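Enquirer: Sequence:
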Amino acid sequence: MSNLFERTRRNDSTGIVPVDRGRELRASFAQQRLWFLDQLEPGNASYNLPFAVRVRGRLDIPRLSRALSLVVARHEALRTTFGEAGGQPVQRIQPPAPVPVRLEPVPGGSEEERLAELRRLAGAEITEPFDLSTGPLLRAKALRLDEQDHVLLLTVHHVATDAWSQGIVVRELSAAYGALDDGREPVLPPLPVQYADYAEWERDWLSGPTLRRQLDYWTKRLDGMAPALELPTDRPRPSVARQEGDAVRWELPVELIRVARRLGAGENATLYMTLLAAFQLVLGRYVDSDDITVGTPVANRGRAEVEGLIGFFVNTVVLRTDLSGDPTFRQLLGRVRDTAAGAFAHGDLPFEYLVEQVHPERDLSRNPLVQVLFQMINVPAERLDLPGARTEPYDHGGILTRMDLEVHLVETEDGVLGHVVFSKALFDTSTIERLLHHVTVVLRGVLAEPDRRISEISLLDEAERAKVLEEFNTTTGPVPAGSLPALFTAQAERRPDAVAVISGDDRVTYGELDQRANQLAHLLAGRGVGPETLVGLCVDRGVEMIVAILAILKLGAAYVPIDPHHPRDRVQFVLADAGVTVAVTQRRFTSLLETPEAPGNPEAAGKPEAPGTPGIRLILLDAEREPLAGQPRTPPTARPSAQNLAYVIYTSGSTGVPKGILMPATCVLNLVAWQKRALPIGPDAKTAQFATLTFDISLQEIFSALLYGETIVVPGEELRMDPVEFAKWVHAHEIDQLFVPNVMLRAISEEVDPHGTELAALRHLSQAGEPLSLHRDLRELCARRPELRLHNHYGPSEAHVVTSYSLPAEVAEWPLTAPIGRPIGNTRVYVVDRRLRPVPVGVPGELCVAGAGLARGYLGRPDLTASRFVADPFRGDGSRMYRSGDLVRWLPDGNLEFLGRIDDQVKIRGFRIEPGEIEAILARHQDVLHTAVMVREDTPADKRLVAYVVADATAADRHGRLTETLRRYVESAVPEYMVPSAFVLLDTMPLTSGGKIDRKALPAPDLRTVLEVGYVAPRTPEEEAVCRVYADLLGATRVGIDDDFFALGGHSLIATRVVARLRSALGTAVPLKTVFQQRTPERWRPRSPPRPVPVPNPSCRRWFPRGATSPYLSPSHSSRRTSSSAMSWTPGTGTSPWRCGCRANWTSTACDGRWTC
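Quick note: the sequence shown, position 948, residue 948 per UniProt numbering, numbers continuous.
Heads up, some of the hints might be wrong.
[As the list claims (entries may be wrong)] Subject to a maximum C-alpha distance of 25 angstroms in a straight line, what follows is the list of computed DMTMM-like cross-link-like pairs (lysine to aspartate or glutamate):
hint, residue 1, residue 2
1, Lys1000, Glu937
2, Lys676, Glu493
3, Lys220, Asp291
4, Lys467, Asp288
5, Lys676, Glu937
6, Lys1000, Glu917
7, Lys424, Asp288
8, Lys996, Asp722
9, Lys220, Asp288
10, Lys728, Glu493
[What the hints assert, rightly or not] What follows is a list of derived Cβ distance ranges for each label pair:
hint, residue 1, residue 2, range
11, Ser1064, Asp216, 35 to 43 angstroms
12, Ser207, Arg56, 47 to 55 angstroms
13, Gly526, Arg835, 50 to 58 angstroms
14, Arg56, Arg834, 36 to 44 angstroms
15, Arg587, Asp506, 13 to 21 angstroms
16, Thr210, Asp146, 55 to 63 angstroms
Hints were generated in silico from the structure; no laboratory data involved.
These numbers come from a predicted model, not from an experiment.
Every residue, glycine too, gets a C-beta built ideally from N, C-alpha and C.
Please model the entire structure based on the sequences and the hints provided.
Expert: The structure is reproduced here in structure tokens:
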């Protein structure tokens, strides 16, 4: 298909003719980019393209050298080097010369050792860099295992060849060697033109109306395209793309190919288009997008003159497909057909020129415009034919790719074979194999029913569907019959003298606790409390808190916890919204709970409005001791059931109005029953009651102990907020089981000496509420306490604990980040896309929860309840499913990985970002104690990623360069767009009453924008020279020493001119890379000794986006300096806070055949 268009689209142009070799021969567009990258990073071997073949039999090295010399003499591209003229690369064609084939014996003893050494030597050969200025750009080596066994290596720089050219080399080398072996002089057909002629023709042809027509098509076609195809990866994307790749084989069944050919033929589409449509459909599901872009290499040899020519012709064509509107597959195939036809018809525009013109966001972590290639080859690969020897490809193990994923398909008589290359830095082999399996599944579905809507096509076959819906949800387990208070009473009857609660000096037995709860229950019943009554509860931490909870539950009522530290306006809203008429409290909290006399209380201005309510009857536990003492100690007459409400907890709502969650007792019963099976502990165990009552974990703490005859130990409010004292308290009370949020867990692990005896009794340490950070201190703490197990619990308040993951007993086996685990007993979890379809393993989706742990819904919010608690689409029994809004994915072993909130996902400069990923990286830094990352928009339309850090007090130079250290640490691990704009150092993290980070209380960074910074004059002759050159070339009135080259509008064209000017001004060599690394004049340092350097001129093409800037700088700004606490840097120190890493978005060449680029 592509060849058809290549042969017909240029009939309005003149032919390629030989040009005068006495003139400067310009490089082609593709060559120019590789030359530029070589100037930027000399010695980079990532553009070496190897050809490796095992030769068994007779191999005549001198004859092979002569044959290869004939091929190189015949093709100028293989003997071309590159110079510079007027700032542009030019081709220097060297005269023909003998090409040696170096022979190197492979040393080693055993066969295994020699084969390993063979692999090492081959790898060293193909990664040896070339010098584009001196050449040669082709070299040959034969590694000898014995007289009859060699590995032949031909390595060529990509600037001189491509995959099509590789076939020509093999074909002509075979012919020449065979002729010489027969005693004949090789005769090859003459070449009408050479690559240098093509390069000149290309530059002349791509000008004027032709260039405008091509460019207009592509700019319109790519307008609004997402900057990247965000495939889910197995590992975080490195800040700079790595080239190491691997490959898997993919074989498409013959019967599918036959049907695909027939369907395509009926729609005037090729087999390639049919397979591409299915592939893009799968990619759309993987990335949850209707806008899918892939690239395809085209040979770019549409003229007969160049078909037999060796050179760098290959081009990449962008194929952008619209999946929106839920078309049928037949309709989608039509879209893909039209897209491919248009793209191939306009495929002459060099990919590198297109990148330059559309200037996508600079990102060194991935290829620009396209990160996935999809190619079909319908011609067999050439095999080297050497008389007297058998040859076969040699796997040297050096697979390289500049893409995330490359699919190379070969059409054969028997079907289609695939060679799929992927980035090892991003993917595991199993992940790519799953993706290809999903393509096969989709292909079967769409070919069977091409007129079905694509939304009805599943990626899952029956086996995988059963796995994610049933196998991963095999959670059935026993739950004790009875209500919470009845089961507690049963324990009190069995062990009346066992200690139930310890709080300070108070020690209360089960019998005493049961009797006191009965007395309060009778009092409450006399005040009108009965089943389903909502009772306010606001008391100090201690025994009376536990008594009040039990008393309320004994009546079948539910408690509404009130945190006495919450603002009065919020408390009043909760009381009014819940319709509370009775509240259990203490005298010191009466003013907090009494209803305001006037509904329009001015203190409530700007707060959620609470409707007027009648007065609340307060039961003051410390003022009504005599009435309480006179109540019966026997159980009340009420008979609560497990279906009664247990509590109503209010959580923040997205609209700013708190919402009350109606949680029945069945959820708590199921949770603690599962916990006792999963986290077994002795009958005399002690559990700390750490959480506030407004945090649902508090019930897990209380009833996981009281329903099983264990002891609850309650720390005071001040003590629970002090990590040092709390850790001492846990040790002194010999606590066996502890539930704490991640912030406190980190603080405890920092304060406890891992080599000491503290926390020796602790057996289960559970974390919930926030992502678990497996930092160094925690690992060391647990490693020194082999009896201690760490557990990561997950669950929204609407379903309590939903999943759990227990870290391995051996700390050395811990993962880098902790999964959130598998569903707990009698709970089902689903990972679904936006249409509530189950997604495959490894693909992100929304976590939905079903089973025994669901809340009834939201109090007085039927619309919200209906939108979040929906019918379970995977069960036909009328059960419900809660949509959590959390983003997760299945891991292959059935655990879940938490990725963040769907509504927290943000886009910065078009890239999708998960702040949690950056938090996890920062948390691994040795000087970071606590961290939070969030997107702020303190200035309208100006979104900034901000990191908040509590650092170790012993961190070196904490208020000097720590923020710069952290910035560099993050940028070494993530792409540039994920590096926060500001790092704010805090003494402590603001916390909610539940112990979580209070993100709303995080301060806005005092981050000065560039225009707010005063001009800082140069101080040295070198700084004056750099500032003057910047000002002249960038058109600035004046430039200060902290003004950033890219913020001022710099790009690579100007960079080459800067290098030339500064060579003259400073009298010293200035590498091109320096312009991008030392981006402010203050960072420049003279180099010595001077040496001649090439002098570029303004005609050199621009290879970076127009107006590209640092992620911290607005394009309209001209300089930057900060004195804010956000950067912890003071003007005049001589150290700029801005990192100096190169932030250009290098474009990458196309790939073709089996070669990566």
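Enquirer: Now tell me, hint by hint, if it's right for this structure.
Expert: Hint check results:
1. For the hint pairing Lys1000 with Glu937, the CA-to-CA distance comes to about 13 angstroms; that is within 25 angstroms, so the pair holds.
2. Annotation: proposed proximity of Lys676 to Glu493 holds, straight-line Cα distance about 20 angstroms (limit 25 angstroms).
3. Using a Cα cut-off of 25 angstroms, the hinted pair Lys220 and Asp291 holds, with the two alpha carbons roughly 15 angstroms apart.
4. A distance of roughly 21 angstroms separates the Cα atoms of Lys467 and Asp288; the hinted pair therefore holds under the 25 angstroms criterion.
5. Simply put, Lys676 and Glu937 have alpha-carbon atoms about 46 angstroms apart, too far for the 25 angstroms limit, and the pair is violated.
6. Restraint check: the Cα-Cα separation between Lys1000 and Glu917 comes to about 20 angstroms, which is no more than 25 angstroms; the hinted pair holds.
7. About 23 angstroms separates the Cα atoms of Lys424 and Asp288, which keeps this hinted pair within 25 angstroms; it holds.
8. This hinted pair checks out: Lys996 and Asp722 have alpha carbons roughly 14 angstroms apart, not beyond 25 angstroms.
9. As the CA atoms of Lys220 and Asp288 are separated by approximately 24 angstroms, the hinted pair is consistent with the 25 angstroms bound.
10. For the suggested pair Lys728 and Glu493, the alpha carbons sit about 34 angstroms apart, so the restraint of at most 25 angstroms is broken.
11. At about 40 angstroms, the beta-carbon gap between Ser1064 and Asp216 stays in the expected band of 35 to 43 angstroms.
12. Take Ser207 and Arg56: their Cβ atoms lie about 52 angstroms apart, and the range 47 to 55 angstroms holds.
13. In this structure the supplied range 50 to 58 angstroms holds for Gly526 paired with Arg835, their Cβ-Cβ distance being about 54 angstroms.
14. A beta carbon spacing of about 56 angstroms between Arg56 and Arg834 contradicts the range 36 to 44 angstroms that was offered as a hint.
15. In this structure, Arg587 and Asp506 meet the distance hint of 13 to 21 angstroms, their C-beta atoms being roughly 19 angstroms apart.
16. Separation of Thr210 from Asp146 is about 57 angstroms and conforms to the stated range, judged on CB atoms against 55 to 63 angstroms.
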